[in-house]
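Could you build all of it, start to finish, from the sequences and the hints given here?
In case it helps, full-length UniProt numbering puts the sequence shown at residues 1 to 335.
Calculated directly from the structure, the hints in this document are not laboratory data.
Backbone N, C-alpha and C define an ideal beta-carbon position, used for all residues, glycine too.
Careful: at least some of the hints might be erroneous.
Pairwise CB distance ranges (calculated) [claimed, not checked]:
(1) Gly265 - Glu80: 49 to 59 Å
(2) Gln98 - Asn166: 20 to 30 Å
(3) Glu232 - Glu80: 47 to 57 Å
(4) Leu64 - Gly129: 19 to 29 Å
(5) Ala114 - His181: 31 to 41 Å
(6) Gln307 - Lys112: 21 to 31 Å
(7) Glu80 - Leu130: 30 to 40 Å
(8) Asp199 - Gln221: 23 to 33 Å
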Amino acid sequence: MTQKTKIAIFASVVVVLLIILIAVTPEIVKYIDENRAVAIVNGEKITKKEFSINYKSQIDYYGLDKAFLAQKVGSKTYEEQIKENVLDGLIVRQIELQQAKKRNIILTAQEKKAIEDQINQYKNDPQNGLQFKQYLQTIGATEDEYKDQIIKSQIVSKLFNELTKNQTASMFEIESYYNSHKTDYIKVKASHILFKVSDSKEETTKKKKAEEVLQMIKNGQNFEKLAKKYSEDENTKQKGGDLGYFRKGEMVKEFEDVAFSLGIGEISGIVKTSYGFHIIKVTDRKQLALNDVKDEIKSTIETQKKQQYFQSLIEKWKKEAKIKKFENVLKSVSI
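Encoded structure:
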């Protein structure tokens, strides 16, 4: 092989390599950029890509746009505030994952498979598949990156469960809670006559009709018979408007505020809710016994104790952690 041939071959190889390099350079640049650190927590990096996925997830969840994000709340824009909140959340999660690693808390193969099966089921669903694909595009995540976020969340859940398993409620705590929250454990039985409003143009007419029926009740006509005749609640009208027993939090607020303020046999005025206009009659009221709600109270107390205890651990871990944030990288993320 002559010297000229060697030079020609070498030149050809260089040209090919340059062509390949030019072709892949944008991908290399993108990879390097996405792997820059927005924060380092105890020597471990939170990448710009991971931050971007979580930030865009928040933006998508609340349906925010650039115009809203540009508005100011105090001295910062909503965009700056949300970015700070998301980053702080990721820093806490990184600390939690490090604590889980110290305790050898991981997901089993079966637990990981359950996540994959759930993703595949959603992805292959005729109705939800396209929506899932569009969501991944919106947040800028691959399927594997999305799965990784779920795995991390479940590891944190396992850490929480492990460290808080001894936070239990005693019978004394349950009784004390019940005695100081007795009004939360009342249920009323009520009936109503509903005049549905599906369009604002109907409001005046429907309210007038409700007032006419209320006057009939005041004049001594039977509530249950009027409910059967005039109520537009198809589920209860044939029962004289009977809704059965319910507790606070089970009805829309405007309705329950009035219902729980009435005594047995009392009838309300006109009550407006998102459903329309109601006339309410309370037919019974009961104080639930401790034994009826003991398990519910136990769960409430234990949930509170677990959350408080775990939060105290997080605060301790944060104080001990070495955290460095990179504001310039944070600013470079946009929707």
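Outcome of the hint check:
no.: 1; hint: Gly265 - Glu80: 49 to 59 Å; in the structure: holds (57 Å)
no.: 2; hint: Gln98 - Asn166: 20 to 30 Å; in the structure: holds (22 Å)
no.: 3; hint: Glu232 - Glu80: 47 to 57 Å; in the structure: holds (49 Å)
no.: 4; hint: Leu64 - Gly129: 19 to 29 Å; in the structure: holds (25 Å)
no.: 5; hint: Ala114 - His181: 31 to 41 Å; in the structure: holds (37 Å)
no.: 6; hint: Gln307 - Lys112: 21 to 31 Å; in the structure: holds (27 Å)
no.: 7; hint: Glu80 - Leu130: 30 to 40 Å; in the structure: holds (34 Å)
no.: 8; hint: Asp199 - Gln221: 23 to 33 Å; in the structure: holds (29 Å)
Figure legend: structure checked against the earlier numbered hints; every hint is met.
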